[in-house]
Amino acid sequence: MPLSSPDAELTALLDRVGQRDTHALQQLYERTSSRLFGLAMRIVRQREVAEDVLQEAFLTIWRSAPDYRASLSPPLAWLGLIVRSRSLDQLRRQTADRAALTQEFDEVLADTLPADTPGPMDLADASEQAWALHQCLEQLERKQREVLSLAYLRELSHGELAEQLKLPLGTVKTWIRRGLDKLRGCMERLA
Amino acid sequence: MNLAAHPRLLALLSAAHALGTLRGGARRRFEALAREQAAVRASALLWQDRLASLTELEAPVAPDPAVWTRIRNLVDAEQQREALARQRSAPAAPAARPGGWWGSLALWRGAAVAGALATVLAVVVGAGLREQLRNAPQVQYVAVLSDDRSAASMLVTFDPKNRQLTLQRVGAYREAADRSLQLWALPPGGAPRSLGVLGPQQALHLAATPSELQAVPALAISLEPKGGVPSERGPTGPVLFHGPLIEKTL
Chain D
570 MPLSSPDAEL TALLDRVGQR DTHALQQLYE RTSSRLFGLA MRIVRQREVA
620 EDVLQEAFLT IWRSAPDYRA SLSPPLAWLG LIVRSRSLDQ LRRQTADRAA
670 LTQEFDEVLA DTLPADTPGP MDLADASEQA WALHQCLEQL ERKQREVLSL
720 AYLRELSHGE LAEQLKLPLG TVKTWIRRGL DKLRGCMERL A
Chain U
72 MNLAAHPRLL ALLSAAHALG TLRGGARRRF EALAREQAAV RASALLWQDR
122 LASLTELEAP VAPDPAVWTR IRNLVDAEQQ REALARQRSA PAAPAARPGG
172 WWGSLALWRG AAVAGALATV LAVVVGAGLR EQLRNAPQVQ YVAVLSDDRS
222 AASMLVTFDP KNRQLTLQRV GAYREAADRS LQLWALPPGG APRSLGVLGP
272 QQALHLAATP SELQAVPALA ISLEPKGGVP SERGPTGPVL FHGPLIEKTL
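Same order as they appear, the protein sequences are chains D and U. Position in the first sequence counted from 1, then plus 569, gives you the working numbering. Position in the second sequence counted from 1, then plus 71, gives you the working numbering.
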């Protein structure tokens, strides 16, 4: 991999963060915080909560960066998994509270759709693996794509998806099954 | 059931497992099969890795600048607390004791309070995930090498801790007694590099360093004369199996 690739640059930053370099942490933040904040917003949907998630995630990144090399994941995916994990913690806390939840269900599918599908410019720091996934997701119908990414990012069951999206359970199951089958075909052609 | 004989079903179950929508008894049965059968395990890992990249594809949203300030403060506090802990654990060292920055009582008080806060946060926030990250199995690269008909024949995993490549035969292929299988790294734009020659056993181990696998997108296995061929010559026989080398996530 050429040294100038985004993966290599982010990996180098993570190495320096692992050596307690706060300047590198700031650079990493400047480079990835918008992408990671977008991810947190998608999962928890409330700005303040997403800000807490981002804060907790970067403290986790600061502490866990020395372990990054051992994971050998693409750097942005590793960061993304940390943000997803922190976001799900927040969602579980809220579910325990029960407060915000019912209000959330008012927001239907339209709310979960980003204004624009990320274009090529938006994916500048994504790993090659993410590019392949993106290409294959592009071949799905939008609703299939959305329901797959929601299921994964929010760790939702068929029943929970049906409830949150106000769709019949059978419809959700069909979209997921067809979506995964198309994804499978496409990823296997690319592999 | 021999899931490995049904590649499409195996892929769909693996994808649903990684997505999280495979639940209850079906999930438990799939996980039990994955523990028993290397081909199922390989497929499950592959899909976990693929879907992890869903976290990379969300549209960016700029956070409030105050978030960075808070992170920076917490990190500073944590560093001061660590410095304090180091100082305490090494009392013999004649550290910069008198006066100056280190002697400032106000700073120590501030650091202690901030440190206590950071500790609470660390316990609440850090414990679960850090534990997970630390205890994650040290399997870092995975490759499923398949033949021309996409039937999985060899599962390759790499453990960087023990610097060991493990190959497990999962297909029915057996080379003739006067032949050997040889494993090759296929670096982009470079000549294939031999990683070792396989013995006849079901599972075998080859020594390898992380640097040998880094930036290698694919592996291949060729059929060679008994004992293999020198690395510089490259494969001389037909390539029987090949597949992408995948970095395993978390």
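No lab work stands behind these hints, which were simulated from the structure alone. Keep in mind the model is a prediction, meaning the values are calculated, not measured. Glycine is no exception: its CB is placed at the ideal position from the N, C-alpha and C atoms. Among the hints, a few may not be true.
As the list claims (entries may be wrong) - Ranges of calculated distance between the beta carbons of each label pair, as one might list FRET restraints:
(1) U:Pro309 x D:Glu757: 21 to 31 Å
(2) U:Asn73 x D:Glu617: 22 to 32 Å
(3) U:Pro301 x D:Glu578: 31 to 41 Å
(4) U:Thr307 x D:Thr740: 31 to 41 Å
(5) D:Arg747 x U:Thr140: 39 to 49 Å
(6) U:Gly270 x D:Pro635: 32 to 42 Å
(7) D:Pro635 x U:Thr280: 18 to 28 Å
(8) U:Gln285 x D:Ala693: 17 to 27 Å
(9) U:Ser302 x D:Glu732: 21 to 31 Å
(10) D:Thr740 x U:Gln285: 52 to 62 Å
As the list claims (entries may be wrong) - If you want the ones that stay clear, here's a sample from chain U, every Cβ over 10 Å from chain D, calculated:
(11) Ala86
(12) Arg121
(13) Arg141
(14) Ala156
(15) Ser282
(16) Val300
Unchecked claim - These stretches of chain U come out as covered by chain D in the derived footprint (C-beta under 8 Å, 3 or more residues):
(17) 78 to 84
(18) 122 to 130
(19) 235 to 243
Distance restraint evaluation - Gly270 of chain U, Pro635 of chain D, Cβ atoms, bounds 32 to 42 Å:
Between Gly270 of chain U and Pro635 of chain D, where Cβ atoms are some 37 Å apart, the hint holds.
Against the range 52 to 62 Å, how does the distance between the Cβ atoms of Thr740 of chain D and Gln285 of chain U compare: consistent or not?
violated, 45 Å
Given as non-interface: Arg121 of chain U, partner chain D, CB spacing beyond 10 Å
Since the minimum Cβ distance to chain D is about 6 Å, Arg121 of chain U lies within 10 Å and the statement is violated.
Given a hint of 22 to 32 Å, does the C-beta separation of Asn73 of chain U and Glu617 of chain D actually sit inside it?
violated, 51 Å
Check on Ser282 of chain U being off the interface with chain D, judged by Cβ distance over 10 Å:
Answer for Ser282 of chain U: holds, closest chain D Cβ roughly 12 Å.
Whether the CB-CB distance between Arg747 of chain D and Thr140 of chain U falls inside 39 to 49 Å:
Given about 46 Å between the Cβ atoms, the range holds.
In this structure, is the beta-carbon distance linking Gln285 of chain U and Ala693 of chain D contained in 17 to 27 Å?
Distance hint for Gln285 of chain U, Ala693 of chain D holds at roughly 23 Å.
For the segment 235 to 243 of chain U, does the count of residues with a C-beta closer than 8 Å to a C-beta of chain D reach 3?
violated (count 0)
That 31 to 41 Å hint for Pro301 of chain U and Glu578 of chain D (C-beta), does it hold up?
Holds, since Pro301 of chain U and Glu578 of chain D (Cβ atoms, about 37 Å apart) stay within the stated range.
Taking the beta carbons of Thr307 of chain U and Thr740 of chain D, is their distance inside 31 to 41 Å?
violated, 56 Å
Honestly, do Ser302 of chain U and Glu732 of chain D meet the 21 to 31 Å range at C-beta?
violated, 58 Å
Verdict on Ala156 of chain U as a residue remote from chain D, using beta-carbon distances over 10 Å:
holds, 14 Å
Checked against the numbered hints given earlier, the structure breaks hints 2, 4, 9, 10, 11, 12, 13 and 19 and satisfies all the rest.
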